[in-house]
Each structure stands twice: as C-alpha cells, then as structure tokens.
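Letter by letter, the chains look like this.
There are 2 protein chains.
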Amino acid sequence: MNGAESLLTTLTNNGIEVCFTNPGTSEMHFVAALDEVPEMRCVLCLFEGVLSGAADGYARMAGKPASTLLHLGPGLGNALANIHNAKKGFSPMVNIVGDHATYHLEYDAPLTSDIEGIAGPVSHWVHTSTSSGDIARDAAEAVRQAGVSRVATLMLPADVSWSDNPNGPEAVVEVATPPSVPVERIEEAVTALQSGANTLILLGGREVGMPHGHLADRIAQATGARVLIEVLPAKIARGEGTANIDRLAYLAELAIDSIRDIEQLILVGAADPVSFFAYPGVPSAIAPATARRMVLAGPRDDTEGALTGLAEALGAMATEPRVHALNLPDLPAGELDAAKVGMAIAHHMPENAILVDEGITCGMMVNMFTGTARYHEQLSQTGGSIGWGLPAALGAAVACPDRKVVCIEGDGSAMYTIQALWSMARENTDITVVIFSNRKYSILEMEYGRTGARDGVPGPSAASTLNIGSPDMDFVAMARGMGVQADRATTAEAFTMLFEQAMAQRGPRLIDAIVPPVF
Amino acid sequence: MNGAESLLTTLTNNGIEVCFTNPGTSEMHFVAALDEVPEMRCVLCLFEGVLSGAADGYARMAGKPASTLLHLGPGLGNALANIHNAKKGFSPMVNIVGDHATYHLEYDAPLTSDIEGIAGPVSHWVHTSTSSGDIARDAAEAVRQAGVSRVATLMLPADVSWSDNPNGPEAVVEVATPPSVPVERIEEAVTALQSGANTLILLGGREVGMPHGHLADRIAQATGARVLIEVLPAKIARGEGTANIDRLAYLAELAIDSIRDIEQLILVGAADPVSFFAYPGVPSAIAPATARRMVLAGPRDDTEGALTGLAEALGAMATEPRVHALNLPDLPAGELDAAKVGMAIAHHMPENAILVDEGITCGMMVNMFTGTARYHEQLSQTGGSIGWGLPAALGAAVACPDRKVVCIEGDGSAMYTIQALWSMARENTDITVVIFSNRKYSILEMEYGRTGARDGVPGPSAASTLNIGSPDMDFVAMARGMGVQADRATTAEAFTMLFEQAMAQRGPRLIDAIVPPVF
Numbered sequence: 001m002n003g004a005e006s007l008l009t010t011l012t013n014n015g016i017e018v019c020f021t022n023p024g025t026s027e028m029h030f031v032a033a034l035d036e037v038p039e040m041r042c043v044l045c046l047f048e049g050v051l052s053g054a055a056d057g058y059a060r061m062a063g064k065p066a067s068t069l070l071h072l073g074p075g076l077g078n079a080l081a082n083i084h085n086a087k088k089g090f091s092p093m094v095n096i097v098g099d100h101a102t103y104h105l106e107y108d109a110p111l112t113s114d115i116e117g118i119a120g121p122v123s124h125w126v127h128t129s130t131s132s133g134d135i136a137r138d139a140a141e142a143v144r145q146a147g148v149s150r151v152a153t154l155m156l157p158a159d160v161s162w163s164d165n166p167n168g169p170e171a172v173v174e175v176a177t178p179p180s181v182p183v184e185r186i187e188e189a190v191t192a193l194q195s196g197a198n199t200l201i202l203l204g205g206r207e208v209g210m211p212h213g214h215l216a217d218r219i220a221q222a223t224g225a226r227v228l229i230e231v232l233p234a235k236i237a238r239g240e241g242t243a244n245i246d247r248l249a250y251l252a253e254l255a256i257d258s259i260r261d262i263e264q265l266i267l268v269g270a271a272d273p274v275s276f277f278a279y280p281g282v283p284s285a286i287a288p289a290t291a292r293r294m295v296l297a298g299p300r301d302d303t304e305g306a307l308t309g310l311a312e313a314l315g316a317m318a319t320e321p322r323v324h325a326l327n328l329p330d331l332p333a334g335e336l337d338a339a340k341v342g343m344a345i346a347h348h349m350p351e352n353a354i355l356v357d358e359g360i361t362c363g364m365m366v367n368m369f370t371g372t373a374r375y376h377e378q379l380s381q382t383g384g385s386i387g388w389g390l391p392a393a394l395g396a397a398v399a400c401p402d403r404k405v406v407c408i409e410g411d412g413s414a415m416y417t418i419q420a421l422w423s424m425a426r427e428n429t430d431i432t433v434v435i436f437s438n439r440k441y442s443i444l445e446m447e448y449g450r451t452g453a454r455d456g457v458p459g460p461s462a463a464s465t466l467n468i469g470s471p472d473m474d475f476v477a478m479a480r481g482m483g484v485q486a487d488r489a490t491t492a493e494a495f496t497m498l499f500e501q502a503m504a505q506r507g508p509r510l511i512d513a514i515v516p517p518v519f
Numbered sequence: 001m002n003g004a005e006s007l008l009t010t011l012t013n014n015g016i017e018v019c020f021t022n023p024g025t026s027e028m029h030f031v032a033a034l035d036e037v038p039e040m041r042c043v044l045c046l047f048e049g050v051l052s053g054a055a056d057g058y059a060r061m062a063g064k065p066a067s068t069l070l071h072l073g074p075g076l077g078n079a080l081a082n083i084h085n086a087k088k089g090f091s092p093m094v095n096i097v098g099d100h101a102t103y104h105l106e107y108d109a110p111l112t113s114d115i116e117g118i119a120g121p122v123s124h125w126v127h128t129s130t131s132s133g134d135i136a137r138d139a140a141e142a143v144r145q146a147g148v149s150r151v152a153t154l155m156l157p158a159d160v161s162w163s164d165n166p167n168g169p170e171a172v173v174e175v176a177t178p179p180s181v182p183v184e185r186i187e188e189a190v191t192a193l194q195s196g197a198n199t200l201i202l203l204g205g206r207e208v209g210m211p212h213g214h215l216a217d218r219i220a221q222a223t224g225a226r227v228l229i230e231v232l233p234a235k236i237a238r239g240e241g242t243a244n245i246d247r248l249a250y251l252a253e254l255a256i257d258s259i260r261d262i263e264q265l266i267l268v269g270a271a272d273p274v275s276f277f278a279y280p281g282v283p284s285a286i287a288p289a290t291a292r293r294m295v296l297a298g299p300r301d302d303t304e305g306a307l308t309g310l311a312e313a314l315g316a317m318a319t320e321p322r323v324h325a326l327n328l329p330d331l332p333a334g335e336l337d338a339a340k341v342g343m344a345i346a347h348h349m350p351e352n353a354i355l356v357d358e359g360i361t362c363g364m365m366v367n368m369f370t371g372t373a374r375y376h377e378q379l380s381q382t383g384g385s386i387g388w389g390l391p392a393a394l395g396a397a398v399a400c401p402d403r404k405v406v407c408i409e410g411d412g413s414a415m416y417t418i419q420a421l422w423s424m425a426r427e428n429t430d431i432t433v434v435i436f437s438n439r440k441y442s443i444l445e446m447e448y449g450r451t452g453a454r455d456g457v458p459g460p461s462a463a464s465t466l467n468i469g470s471p472d473m474d475f476v477a478m479a480r481g482m483g484v485q486a487d488r489a490t491t492a493e494a495f496t497m498l499f500e501q502a503m504a505q506r507g508p509r510l511i512d513a514i515v516p517p518v519f
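So the protein sequences, as listed, match chains A and B. The first sequence finishes on residue 519 if you use this note's numbering, and the numbering steps up by one all the way, no holes. The second sequence finishes on residue 519 if you use this note's numbering, and the numbering steps up by one all the way, no holes.
A few of these clues could be false.
If we take Cβ atoms under 7 Å as the criterion, some of the chain B residues that face chain A in the derived model are [claimed, not checked]:
hint, residue
1, Glu39
2, Leu44
3, Phe47
4, Pro74
5, Ala109
6, Ala171
7, Val173
8, Glu174
9, Ala222
10, Ala225
11, Val274
12, Gly383
13, Ala425
14, Asn428
15, Tyr448
16, Ala477
Covered stretches of chain A, as calculated for chain B (at least 3 residues, CB under 8 Å) [stated by the list, open to error]:
hint, stretch
17, 77 to 87
18, 156 to 167
19, 256 to 266
Since the hints were made in silico from the structure, they are not lab data. Built from N, CA and C at the ideal position, the CB exists for glycine as well.
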C-alpha cells in the first residue's frame with residue numbers, strides 16, 4: 001500500500017468520505033489511489049475556491065469535515081478565501097495539499113512556493129509529511145486536529161504519496177466533541193440574570209438550532225433578559241416552530257442603538273459583537289463599554305448543553321417557548337424587486353430546506369419574510385469574503401442529498417466562484433440558485449456613503465468601480481453554458497412560477513431575478 | 001489631501017497609471033480618491049485572480065508595474081496564484097491591500113486576517129503603512145522595491161487612507177534598471193566558449209527578444225555552441241525575422257535526452273533547467289550533472305547587454321544571424337484539431353500581435369506553426385498555476401491598445417478565471433480568445449501516465465477527475481453571458497473563417513474550438 005492509499009484509507013476509516021478536489025500532476029498518485037479506496041467520494045470542482053467553499057458548506061451540514069485535495073501553494077491560494085470563511089465560521093476542514101517530491105524542492109521548479117507560509121494564516125494546524133511511513137499517522141492527526149471546528153492543512157509531497165507505506169493506514173482516532181461548560185459558569189450566569197440588571201443574551205457561533213432558541217426564550221421569560229442572535233451565525237434554524245428571536249442588525253449604527261441600554265452581555269457561542277468595518281466616528285464595539293461581559297459558552301463549546309444547564313438552573317424548562325407560527329406571505333405581483341423575491345421564496349420554500357444566504361443587500365429582504373416560512377436551516381457568510389454562497393450550496397447539497405437547497409446570491413458575489421454551477425450540474429445536486437441581478441456592488445454603494453468619502457456621493461470614477469452593469473451579465477447564458485437549467489424573471493409572477501416549479505422538481509436550477517438595487 | 005489621494009498621486013507621479021481592482025468597504029476612500037487623481041486608470045475585475053493576472057500581463061508588455069487594489073487578506077488570497085505566476089516570471093507589481101483601520105484590528109472582525117503572512121510567500125517586499133503621514137513615502141518605496149522585476153505588497157489600513165496626509169505625495173523615485181554584467185563574466189564566457197567543450201547557451205527569463213536571439217545566434221556561429229531557449233520564458237519574440245532557435249522540451253525525459261552530451265552550460269536569463277515535476281526514476285535536473293555551469297546573466301540582469309558584450313568580445317557582431325523567413329502554413333480543411341487551429345492562427349495572425357499562450361497540450365500544437373508566422377511576441381505561463389491566460393491577455397491589451405492580442409486557452413485553465421471575459425468586454429479590449437475544448441484535463445491524463453501510477457492507466461475514479469466533459473461546457477454561452485461576441489467551430493474551415501474575421505476587426509471575441517485531445 002503506498003502513502004496515498006494509506007492516507008485515503010485513514011480518512012475513510014475516520015468517516016471522511018468526501019473529497020472536494022482539483023488535482024494536478026503532483027497529486028496523480030492520490031488520484032490513482034481513489035480507485036483503490038472506493039469509499040471516498042471525489043467531487044471535482046473547476047476552481048479551488050469552489051471546492052473550499054463546498055467543504056465549508058458540507059461541514060456545516062454534515063457536522064464533520066470533508067477533505068480537500070489541492071495543487072501546491074497556488075492551488076491552496078485559490079482556496080484561501082473560502083478557507084478563511086470556514087475558519088471564521090468554525091467549520092472543520094481537512095486540507096490535503098500536494099507538493100513536489102521532497103528531493104525536488106531544492107530545484108525551485110515553477111510551482112515551488114512556501115506552502116506552509118500560505119497555509120498558516122488560514123489554518124489552526126499545519127504539517128508537512130516527510131515520509132510515506134508517517135503519512136497515515138499524520139492524516140489521523142489532521143482529522144483529530146480538525147475535530148468539529150478547526151482547519152487542518154497537511155502537505156503531501158509527491159514521493160510521500162507514491163512510496164510504500166509499510167505501516168499501513170491508521171484506525172479510528174478520537175475526535176473531541178464540543179466540551180461542556182463548567183457548572184461554575186452556569187451559576188455565574190444565574191447570578192447575573194437574577195441581579196436585576198438589563199441583560200442581553202447573545203446567541204451565535206457554529207449553530208443556533210431550534211433547541212438553542214427554545215432554551216434561550218425560556219431563560220428570557222424566566223428572567224426578563226433580552227435575547228438576540230448575532231448577525232451571521234454559521235447555521236441558524238428559522239421558520240415555523242423556531243423561537244421568535246431577532247438578529248442583531250448588520251449596520252453598526254443600528255446595532256449600537258438597539259442595545260445601547262444593556263448593562264450585562266452574556267455570550268453563548270457568539271463573539272462580543274463588533275462593527276464589520278471601521279468608519280470615521282463610529283465605534284468598533286457594538287455593546288456599550290460599560291456593559292459587563294460574560295462568556296457562558298464559547299463558539300467551540302457545547303452551547304446547547306450550556307443553555308440547557310442554565311434553563312434548568314433557572315427552573316425554566318417547563319416554560320413554553322414563544323415560537324413563530326407559520327405565516328406565509330401573499331404571493332407578490334407586478335415588477336420584480338428583492339422584497340417580492342423574498343415573498344415568493346418564503347411562500348414556496350419547502351419544509352427542511354437549506355437556505356444558503358449570500359444575497360447581501362437583497363438577502364436582507366429575503367430574511368424579512370423567511371422568519372415565518374416553513375422550518376428550514378440557513379447558512380450565512382461568516383468571514384466576509386464573497387464568493388462563498390454557490391460553493392457552500394454545492395457542499396450542503398452533497399451533505400444532504402434529500403433536502404432542497406436554495407441559494408440566494410448577489411450578482412457580484414456570484415461571479416467570484418461562478419464555476420460552482422458546473423459542479424452542481426455534474427453532481428446533479430438539488431439546488432435552486434436565485435441571482436439578484438441589480439448590476440451593482442450595491443452594498444459598496446451604501447458603504448461608500450457610510451465611510452463619508454466625498455460627502456458620500458461617488459464621483460464618476462468611483463461610481464464606475466461599483467457598477468457591474470457595463471456590460472450587463474446574462475446569468476441564464478452562463479448557467480446554461482455550465483449545464484444548469486436557467487431562466488430569467490423580471491416580474492413577480494414570472495419569478496413565483498419559476499421558483500414554484502423549481503421547488504417541485506429535483507436537480508440544479510438557476511433563476512436570474514432582475515431587480516432594482518435595494519438602497 | 002488624505003492618505004489615499006497622496007498614495008494615488010505618488011503612484012501616478014511614478015508612471016503607474018493603471019490600477020486593476022476589485023475593492024471592498026475598507027478601500028472606499030481609495031476608490032473615492034480615484035476621482036481626485038484622474039491620471040490613474042482603474043480597471044474593474046470581477047475576481048481578484050483576474051486582476052493579478054492582468055497586472056502580470058500588463059507589466060510584461062508595458063515594462064513597468066501596474067498597481068492592484070485588493071480587499072484585505074481574502075482578496076489577496078484570491079489574487080495569490082497569479083501573483084505567484086508574476087513573481088516566477090519576474091514581472092513587477094505594486095499591490096495595495098486594504099486593511100481594517102489600525103484601531104479596528106484588535107476587535108477581530110470577520111475579515112481580519114494575517115495579511116502580511118499571506119503576502120509574504122508571493123512578495124519580495126511586504127510593508128504595512130501605519131500612518132497617513134507615511135503612506136506616500138511607503139508607496140514610493142513600494143515602487144522602488146518593485147522596480148522592473150519584483151512584487152511589492154503594501155497594506156493600506158482604512159484610517160491611513162482616510163486621514164489627512166500633511167506631507168503630501170512623493171515625487172519621482174529612482175527605479176533601478178537591470179544591471180549590466182561585469183566584464184569579468186563576459187571574459188569567463190569567452191574562455192569557456194573557446195575551450196572547445198560542447199557548450200549550450202540557454203536563453204530565458206524576463207524577455208527573449210529579437211535582439212537576444214540574433215546576438216545568441218551570432219555567438220553560436222562564432223563558437224560552435226548550441227543555443228536553446230528555456231521552456232517558458234516570460235516573453236519571447238517569435239516569427240519572421242527572429243533567430244532560428246528551438247525551445248527546450250517541456251517533457252523532462254525529452255529535454256534530458258536532447259542535451260545529454262553537453263559539457264558546459266551558459267545561462268543567460270534562464271535558470272538551470274529542471275523538470276516541472278518529479279517522477280519516479282526521472283532526474284530533477286535536466287542538464288547532465290557533469291556539465292560545468294556558468295551564469296553569464298541572471299534573470300534580473302541586462303541580458304541583452306550581456307549578449308552584446310559577449311558577441312563583441314568574440315568579434316561576432318558582423319555575422320548575419322540565421323533567422324526565420326516568413327512561412328505561413330496552408331489553410332487547413334476538414335474536422336478540427338489543435339494542429340489545424342495552429343495552422344489557421346499562424347496563417348492569419350497579424351504582424352506585431354501578442355500571443356498569450358495558456359493552451360497547455362493544444363498550445364504545443366500552435367507553437368509548432370507560429371515560429372515562422374508574422375513577427376509577434378508570445379507570453380507564456382511562468383509559474384505553472386493555471387488560470388493565468390485570460391487575465392494576462394486582458395492586461396497585455398490594456399498595455400498595448402494598438403496591438404492585436406490572441407489568447408490560446410485550454411478549457412480547463414480557462415475556467416479558473418473565466419470572469420476575465422467580462423473585463424475584456426467592459427474595456428473593449430482587442431483580444432481574440434481561442435478556447436481548446438477537448439473536455440479533458442488532457443495534460444493530467446498524460447502526466448498520470450508519466451507518474452507510473454496504476455501502470456499509467458487511470459481507473460474509473462481517476463479518469464472521472466480528469467474529465468471535464470460531464471457536463472460539456474458551452475464557452476459560447478458563457479462568453480455571450482459576459483458580453484463577449486462568441487462562436488463555435490468544429491471544422492477547420494469554420495475556425496479559419498472566424499479567426500480571419502476576428503483578426504480583421506477590433507474588440508473582444510471568443511472562438512470555442514471543439515478539438516480532440518492531442519494525446
């Protein structure tokens with residue numbers, strides 16, 4: 001058994017059964033080994049940014065890492081932005097990066113680079129295997145390091161891959177589950193909540209599931225505390241039956257204003273909230289400096305267990321949580337806009353769908369209506385690097401082949417990783433992509449105003465860099481060019497009909513929704 | 001004048017008049033400053049890998065750097081692969097990477113990352129400006145560091161951008177030109193060449209222009225030395241009037257065999273040749289270990305000056321170089337293949353065209369015919385990271401608006417940075433893109449065989465990862481979707497007609513050439 005086969009077998013022994021890949025010459029023995037280890041499903045992507053985003057979406061839905069296979073430093077570089085997003089969203093990921101044979105590095109061939117240097121800023125753990133006898137053990141360590149919330153990156157030199165591994169594959173390694181919070185922290189939270197101070201409980205992190213919301217609302221009812229959810233948790237349960245809890249606003253000014261009177265902040269998975277960007281005259285921190293902070297559970301802790309412990313300690317478990325009743329918006333009519341798209345999506349999205357949200361400004365309008373739609377889970381952009389949505393939808397669909405995936409995308413963000421459409425078609429994934437074609441980097445136009453530059457009014461050069469409507473892009477043509485059924489909608493009626501159709505069938509579809517900018 | 005304006009003015013004062021960009025919120029003051037500094041031309045790209053490849057293509061043709069504007073660590077990550085290619089090709093580049101305001105970094109907002117860490121592996125010089133009073137001086141230093149062959153990366157925190165710079169912009173800085181080689185080296189080369197040893201002169205590096213070839217051939221005639229050009233120099237003059245000099249083969253086995261009897265190797269701009277990848281049983285070094293190496297000129301030296309000095313010392317300047325006469329292939333007929341595409345391109349490509357070659361396996365067939373075409377310059381893939389061709393063509397066209405750019409692209413490599421087509425349309429560049437649609441990562445199929453994996457025959461899983469024909473991609477649809485006129489050719493006659501048309505008109509065009517794999 002060569003190094004590559006022992007590596008692959010170690011991964012599949014440990015439940016890592018999907019590899020999102022775009023290989024090159026240095027990975028050919030890994031590719032060859034795929035035929036010896038049929039338990040590994042290989043999903044080919046045409047660009048590495050697609051596959052790393054897919055690995056993120058997969059991990060969020062599968063609750064375990066996928067592996068990636070990348071071609072040396074530049075392949076890792078192409079994957080970097082979506083690895084960044086995964087890292088910020090606490091997604092586990094096991095990256096395998098092919099490298100030149102160990103003895104070939106000194107020759108400085110064209111693809112030679114400092115791969116560990118590139119991997120470091122986006123990985124929790126980085127290691128280069130230097131012998132085929134070690135590679136299986138190193139792969140097992142990568143799986144252990146990735147656990148359920150970290151990025152592990154393992155370099156696989158070509159000769160380590162092709163040489164014999166006399167030690168064979170590794171067996172199952174123990175992966176740490178999210179740790180329970182100590183009872184003292186729960187007691188501290190009880191004291192804080194019973195102090196009479198104005199308290200905000202902020203939920204967030206890897207997952208804000210249905211139980212999290214129910215528990216938090218029970219605690220709120222028992223103590224009078226407010227509960228909010230951070231702006232962009234990695235995964236959030238929404239719709240019918242979920243607790244009626246708002247999310248903190250994206251805009252720092254609004255968010256600051258909405259919690260300016262709190263005296264205590266209890267964090268459950270969420271980070272102490274901050275403005276996404278700095279603006280002249282706007283504070284970076286969202287919560288008042290005077291508010292006392294306490295962390296009930298960090299993003300890698302067992303947040304549901306912590307909330308359960310807290311609700312039990314408060315005697316609140318019997319309280320009925322206040323939840324969203326199903327409330328579908330009426331079907332819209334007339335000229336299409338982002339809100340009408342949101343109404344149609346909320347109306348027709350089936351129960352248990354996965355909504356991948358990279359709709360940016362237009363996405364906000366969808367979120368206004370989906371809170372009372374049928375129960376679903378929503379994945380959000382955690383790292384701020386656009387070009388995540390289409391790949392994440394691909395990964396979510398690979399993880400959950402029996403669930404409908406709806407991906408809402410800005411036109412600007414879609415173009416970063418538009419190649420994802422091809423893999424959606426190739427894998428016959430059940431994804432409906434909705435592109436908001438407003439022909440602008442609309443959020444940047446808004447942000448330009450917020451930064452105060454030139455009194456908030458872009459001059460002609462600046463305006464030109466925010467305008468992606470010259471030439472107009474035709475997403476229907478692009479999608480069809482990659483094998484995805486696609487249609488355009490300019491009216492609410494047309495969009496509704498297309499979306500309803502898409503919900504009733506299986507397989508990849510794209511709807512190009514021509515809408516005016518929200519702002 | 002704020003920091004951003006002083007930065008931009010410093011760049012334009014120093015002849016950097018193009019900025020390839022994809023900005024975000026942290027760069028809004030830079031974007032605003034574009035309206036104050038109209039000397040800077042801003043070229044918007046929909047993905048950062050496009051803009052870094054464009055900056056590379058621009059630099060190769062303009063002989064000076066463009067600037068890029070990138071959005072924090074992930075934006076730099078997206079640009080990384082083509083910065084790698086630029087660095088390996090000795091292209092100068094001045095990257096401006098926006099960052100959070102200095103005081104905002106401690107809050108660890110979603111887009112916070114170790115930008116210097118990401119920049120390091122692909123930059124010769126990395127610096128973070130920390131005060132608006134320093135930014136113009138830092139920008140001037142970036143220009144100086146980039147010079148004519150290096151990558152300089154300067155981080156621009158948002159508050160450094162928006163705050164007042166009391167010192168104003170910097171004036172012109174002195175940029176070092178490629179240094180002349182010391183006369184001792186020329187004397188050493190004369191001695192080596194007159195020793196009677198079997199000698200190879202290998203040309204390469206930033207540029208192998210018409211004069212380089214003429215000079216090298218004069219030297220060859222005077223001394224009996226052989227001359228070759230390295231596999232993929234950054235820029236090479238080809239066609240009518242250029243010296244009749246072969247390039248070293250890409251395949252290590254062939255290259256090794258072709259120079260196995262040399263006793264001396266004189267490097268002029270080229271590196272000591274090595275195999276692109278390691279293969280079991282194949283040496284990494286191409287030249288025999290016994291051959292004596294000498295460097296007449298490094299890739300950053302004045303290679304033309306060095307060859308002139310050597311030719312003069314040998315009394316060879318009066319010798320008539322042996323050059324290619326114009327020899328256009330006949331127009332091909334019948335079912336299309338890569339060789340016929342090459343014949344049609346060689347037949348119709350106008351004088352002084354720029355041929356950007358990322359045709360990979362099919363590109364080899366074009367190169368067989370273009371050596372005796374009309375005089376042109378060819379840009380090659382220097383770093384091995386595919387997804388460079390379309391962006392480089394964009395940059396070359398921006399640098400040379402009066403020259404026809406022909407870009408030959410593999411279908412697999414085209415898909416890495418397909419968004420480049422949109423910028424080609426937006427800027428109304430005079431580029432004709434030829435896509436070789438063979439629906440395979442054809443070179444990987446060949447490489448699979450060379451690595452010896454599974455006796456060179458891919459099993460079904462491996463074969464699937466090398467096959468990009470499921471689903472087939474329609475480049476005509478994709479190109480039209482991005483505003484580029486596009487057509488498909490399945491016969492030699494159709495291709496010839498389309499290509500002749502494209503050569504006769506201005507503006508972006510794409511021809512999807514349906515061809516069988518070369519191997």
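Going through the hints against the structure:
no., hint, verdict
1, Glu39, "violated (11 Å)"
2, Leu44, "holds (5 Å)"
3, Phe47, "holds (5 Å)"
4, Pro74, "holds (3 Å)"
5, Ala109, "holds (5 Å)"
6, Ala171, "violated (24 Å)"
7, Val173, "violated (25 Å)"
8, Glu174, "violated (29 Å)"
9, Ala222, "violated (32 Å)"
10, Ala225, "violated (24 Å)"
11, Val274, "holds (4 Å)"
12, Gly383, "holds (5 Å)"
13, Ala425, "holds (5 Å)"
14, Asn428, "violated (10 Å)"
15, Tyr448, "holds (5 Å)"
16, Ala477, "holds (3 Å)"
17, 77 to 87, "holds (count 6)"
18, 156 to 167, "holds (count 3)"
19, 256 to 266, "violated (count 0)"
When the structure is compared with the earlier hints, violations turn up for hints 1, 6, 7, 8, 9, 10, 14 and 19 and for no others.
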